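In terms of this note's numbering, the sequence shown opens at residue 8 and continues consecutively.
No lab work stands behind these hints: they were computed from the structure. Please read all numbers here as calculations on a predicted model, not as lab measurements. Incorrect hints may appear among the rest.
With a straight-line cut-off of 25 Å between C-alpha atoms, the simulated DSS-like cross-links for lysine-lysine are [unchecked claim]:
| hint | residue 1 | residue 2 |
| --- | --- | --- |
| 1 | 122 | 75 |
| 2 | 122 | 45 |
| 3 | 75 | 52 |
| 4 | 52 | 122 |
| 5 | 75 | 45 |
For each label pair, taking beta carbons as the anchor points, the in silico distance ranges come out as [said to hold, decoys possible]:
| hint | residue 1 | residue 2 | range |
| --- | --- | --- | --- |
| 6 | 88 | 151 | 23 to 31 Å |
| 7 | 156 | 122 | 27 to 35 Å |
| 8 | 99 | 39 | 27 to 35 Å |
| 9 | 98 | 61 | 25 to 33 Å |
Even glycine gets a Cβ: it sits at the ideal position worked out from N, Cα and C.
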Amino acid sequence: MRFHRPALISTAMAALALGTATALAAPASAAPNTTPQKVCGSAYKTVNSAAVGSLGTVYLTYNASNGKNCVATIRNNPGTAVDMSTWIYVPDTDQGANDFGQYTSYAGPAYVYGKGHCIDWGGSISNVTVQVTGSNCAALKEHRATSTH
Numbered sequence: 008m009r010f011h012r013p014a015l016i017s018t019a020m021a022a023l024a025l026g027t028a029t030a031l032a033a034p035a036s037a038a039p040n041t042t043p044q045k046v047c048g049s050a051y052k053t054v055n056s057a058a059v060g061s062l063g064t065v066y067l068t069y070n071a072s073n074g075k076n077c078v079a080t081i082r083n084n085p086g087t088a089v090d091m092s093t094w095i096y097v098p099d100t101d102q103g104a105n106d107f108g109q110y111t112s113y114a115g116p117a118y119v120y121g122k123g124h125c126i127d128w129g130g131s132i133s134n135v136t137v138q139v140t141g142s143n144c145a146a147l148k149e150h151r152a153t154s155t156h
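Could you put together the complete structure from these sequences and hints?
So this is what it looks like as structure tokens:
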């Protein structure tokens with residue numbers, strides 16, 4: 008079988024172009040490109056989470072070796088930078104931390120010493136905010152609120 012070089016080159020270039028376009032195209036529902044452990048550190052284990060509407064999730068993590076909690080707000084579909092935030096607060100000690108700005112994938116990390124204390128935490132993506140109060144403190148029931156603004 009004999010191939011004509013111009014036809015072979017044209018076919019190869021078309022296949023290459025199609026392959027490149029396919030490789031560069033984002034999937035219809037892209038998965039988050041990070042995890043709470045990548046944001047907070049590998050020693051931090053997820054102990055709670057709250058959906059930020061359909062836009063993403065705020066994760067509360069804990070490191071048993073140092074007694075610190077960390078929060079990160081992670082988008083379901085990373086993309087163009089949008090307003091995002093994450094925050095954590097310990098009412099007993101009046102200690103808190105936050106991170107906010109315009110981000111493409113996640114806000115955080117924000118750390119606070121929380122061992123043996125109830126934690127208030129939350130975050131936002133675009134115009135959706137979630138807030139969890141009285142969390143992770145044994146028998147007490149936490150309160151969750153989601154709002155759109």
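Going down the list of hints, with the structure as the test:
Straight-line distance between C-alpha atoms of residue 122 and residue 75 comes to about 7 Å, which keeps the hinted pair within the 25 Å bound. Note on residue 122 and residue 45: the hinted pairing holds, with a Cα-Cα distance of about 22 Å set against a maximum of 25 Å. About 11 Å separates the Cα atoms of residue 75 and residue 52, which keeps this hinted pair within 25 Å; it holds. Restraint check for residue 52 and residue 122: the C-alpha separation of about 14 Å stays at or below 25 Å, so the hint holds.
Restraint check for residue 75 and residue 45: satisfied, since their Cα atoms lie roughly 16 Å apart, inside the 25 Å limit. Range check, residue 88 to residue 151: about 27 Å between beta-carbon atoms, so the 23 to 31 Å window is met. Look at residue 156 against residue 122: about 33 Å separates their beta carbons, and that is inside 27 to 35 Å. One distance hint, 27 to 35 Å for the beta-carbon pair residue 99 and residue 39, holds here, with the actual separation near 32 Å.
For residue 98 and residue 61, the hinted distance range of 25 to 33 Å is satisfied, since their beta carbons lie about 30 Å from each other.
The structure fails none of the hints (numbered hints given earlier).
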